[in-house]
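The working numbering numbers the first residue of the sequence shown as 1 and each following residue consecutively.
Quick caveat, the hints were computed from the structure, so don't treat them as lab data.
On a predicted model such as this, the values are computed, not experimentally measured, just so you know.
Note that beta-carbon positions come from the ideal geometry of N, C-alpha and C, so glycine has one too.
Honestly, I wouldn't trust all of these hints.
As the list claims (entries may be wrong) - Have a look at the derived ranges for each label pair, beta carbon to beta carbon:
| hint | residue 1 | residue 2 | range |
| --- | --- | --- | --- |
| 1 | W61 | T27 | 22 to 30 Å |
| 2 | A118 | S67 | 46 to 54 Å |
| 3 | M114 | Q58 | 41 to 49 Å |
| 4 | C96 | K119 | 36 to 44 Å |
| 5 | A77 | E108 | 24 to 32 Å |
| 6 | D110 | G48 | 33 to 41 Å |
| 7 | T27 | G68 | 18 to 26 Å |
| 8 | D79 | E47 | 18 to 26 Å |
| 9 | E108 | V15 | 28 to 36 Å |
| 10 | V15 | G68 | 25 to 33 Å |
| 11 | H97 | P117 | 36 to 44 Å |
| 12 | E59 | A118 | 47 to 55 Å |
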Amino acid sequence: MTNDTRFDAAVYNSVGLLPAVIQQWDTGEVLMLGWMDQEALRRTVTEGRVTFWSRSRQEYWRKGDTSGHAQYVHSAALDCDNDTLLVRVDQVGVACHTGTRTCFDGRELDVVAMERPAK
1 MTNDTRFDAA VYNSVGLLPA VIQQWDTGEV LMLGWMDQEA LRRTVTEGRV TFWSRSRQEY
61 WRKGDTSGHA QYVHSAALDC DNDTLLVRVD QVGVACHTGT RTCFDGRELD VVAMERPAK
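Sequences are here, hints too, so could you generate the full structure?
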């Protein structure tokens with residue numbers, strides 16, 4: 001862990017994790033959601049590569065170390081409640097472990113779409 005006060009504002013869930021939305025920095029495309037503890041957050045903002053905490057493997061993993069599909073950090077920001085992180089990255093290759101560009105490709109739900117009411 002770290003004593004760096006930059007991370008003090010982050011609010012982690014009951015198991016010490018913070019959801020991190022990963023977004024392509026230049027297009028705004030939402031790529032994936034991962035989980036970070038304080039150490040993964042520290043590594044991400046100080047090393048310039050996205051690091052997550054793997055809930056299934058119970059270990060840190062830096063995106064791209066085994067696949068080559070790395071995420072290079074451009075910026076990071078906490079939301080207004082400090083309980084969600086937005087990381088803007090330059091994604092190399094695909095973001096999803098299934099081989100798709102984003103974790104949201106081909107998974108659209110049928111919704112009732114509405115237009116904004118006229119003023």
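Those earlier numbered hints the structure runs against, lowest number first: Nothing - there is no hint that the structure violates, so all of them hold.
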